[in-house]
Amino acid sequence: MAESKELQVKEKQEVASSGEHTRPGLVFTPAVDIFETDREITLLADMPGVAANDVTIDLRDDILTLTGDVKPWEGADESDVLVEFEIGKYYRQFSLSELIKQDKIEANLQDGVLRLVLPKAEKAMPRKIAVKAA
Amino acid sequence: MLARRKFDLPGMGWKNTFAEMERMRREIDLLTDTLFSGPQSRPISSGLFPALNITEDKDNYYIRAELPGMKADEIDLQVKARNLGISGERKIHSEGENVKYHRREREAGKFARVIELPGEIDADKINAHMVNGVLSLTIPKSEAAKPKQITIKTV
Numbered sequence: 190m191a192e193s194k195e196l197q198v199k200e201k202q203e204v205a206s207s208g209e210h211t212r213p214g215l216v217f218t219p220a221v222d223i224f225e226t227d228r229e230i231t232l233l234a235d236m237p238g239v240a241a242n243d244v245t246i247d248l249r250d251d252i253l254t255l256t257g258d259v260k261p262w263e264g265a266d267e268s269d270v271l272v273e274f275e276i277g278k279y280y281r282q283f284s285l286s287e288l289i290k291q292d293k294i295e296a297n298l299q300d301g302v303l304r305l306v307l308p309k310a311e312k313a314m315p316r317k318i319a320v321k322a323a
Numbered sequence: 205m206l207a208r209r210k211f212d213l214p215g216m217g218w219k220n221t222f223a224e225m226e227r228m229r230r231e232i233d234l235l236t237d238t239l240f241s242g243p244q245s246r247p248i249s250s251g252l253f254p255a256l257n258i259t260e261d262k263d264n265y266y267i268r269a270e271l272p273g274m275k276a277d278e279i280d281l282q283v284k285a286r287n288l289g290i291s292g293e294r295k296i297h298s299e300g301e302n303v304k305y306h307r308r309e310r311e312a313g314k315f316a317r318v319i320e321l322p323g324e325i326d327a328d329k330i331n332a333h334m335v336n337g338v339l340s341l342t343i344p345k346s347e348a349a350k351p352k353q354i355t356i357k358t359v
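As they're listed, the protein sequences go chains A and B.
According to the numbering used here, the first sequence holds residues 190 to 323 in order.
According to the numbering used here, the second sequence holds residues 205 to 359 in order.
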């Protein structure tokens, strides 16, 4: 894309249902890009402040869950001068309609962006069922 | 009577009056919420990118910004007196021709912002680093701006 527009601030979206989280703290929805080729589905998620070993990716029953923990980066004796954004965990769930090769999933976190490659499984062979006449 | 007359008007019956009162109550609640939201105050957005958090301690100011996907060399920082300029461009690379997008929430674009710090700073000793998509600046306060302990002498 050649065109370049001015970036606008997007307010961080808090996860609506916080009832499931046991630990206190804010939880945000990361912004994602999802795209698909014939072979794989790729997901990119903005999770600034999350270190590679603080990301949890879970896929079961076609539900993909992303969690990113953020360690507070402010020192204890710092006092606020200006607060324009809040710090919190990231959490987002997706339901996948396609079969995924679970053991071939690749995840990579760089500069606060998670890149998740989900290779599609070979489609189940269509079966033909012969109907016998009595 | 004025009140009497008002209720006689079509569309200005009891029901609407209550709805109007309810609307006013909600507006007042909203106002009081923003004014007195307690210690967990909501962040105030300036509408400028990137959103910045500034904190201070005795010796330094700290500025932090979330810039996921950006490298240190893609961000330009400039200091002039008490003003700090942050500019750059966030690029989202093309993923090839044959991809089909389902979601596109991450945004690319240019940004430039200047922020004035509340006190004098020592521009030569600013420390900036980028970790996991978070830009952190440590800006030492100038000697003149630091709080000084005054000892009270007993005569």
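Where hints are given, some of them may not hold.
[What the hints assert, rightly or not] For each label pair, taking beta carbons as the anchor points, the in silico distance ranges come out as:
| no. | chain 1 | residue 1 | chain 2 | residue 2 | range |
| --- | --- | --- | --- | --- | --- |
| 1 | B | LEU281 | A | TRP262 | 43 to 49 Å |
| 2 | B | ALA327 | A | ASN297 | 46 to 52 Å |
| 3 | A | ASP250 | B | HIS306 | 15 to 21 Å |
| 4 | B | SER249 | A | ASP227 | 24 to 30 Å |
| 5 | A | ASP292 | B | GLU231 | 40 to 46 Å |
| 6 | B | GLN353 | A | ASN297 | 48 to 54 Å |
| 7 | A | GLN282 | B | SER340 | 19 to 25 Å |
| 8 | A | ASP251 | B | LYS262 | 49 to 55 Å |
| 9 | A | ALA310 | B | ALA327 | 53 to 59 Å |
| 10 | B | GLU278 | A | ASP250 | 37 to 43 Å |
| 11 | B | LEU281 | A | GLU311 | 48 to 54 Å |
Rather than coming from a laboratory, the hints here were simulated on the basis of the structure.
In this text the structure is predicted, and so the values were computed from the model without any measurement.
Beta carbons: idealized from backbone N, C-alpha and C, even for Gly.
Status of the hints after comparison with the structure:
1. LEU281(B) with TRP262(A): 43 to 49 Å: violated, 18 Å
2. ALA327(B) with ASN297(A): 46 to 52 Å: violated, 37 Å
3. ASP250(A) with HIS306(B): 15 to 21 Å: holds, 20 Å
4. SER249(B) with ASP227(A): 24 to 30 Å: violated, 41 Å
5. ASP292(A) with GLU231(B): 40 to 46 Å: For ASP292(A) and GLU231(B) the Cβ distance comes to about 56 Å; the hint is violated.
6. GLN353(B) with ASN297(A): 48 to 54 Å: For GLN353(B) and ASN297(A) the Cβ distance comes to about 50 Å; the hint holds.
7. GLN282(A) with SER340(B): 19 to 25 Å: violated, 30 Å
8. ASP251(A) with LYS262(B): 49 to 55 Å: holds, 53 Å
9. ALA310(A) with ALA327(B): 53 to 59 Å: holds, 57 Å
10. GLU278(B) with ASP250(A): 37 to 43 Å: Because 40 Å falls inside the window, the suggested range holds.
11. LEU281(B) with GLU311(A): 48 to 54 Å: With a Cβ separation near 50 Å, LEU281(B) and GLU311(A) satisfy 48 to 54 Å, so the hint holds.
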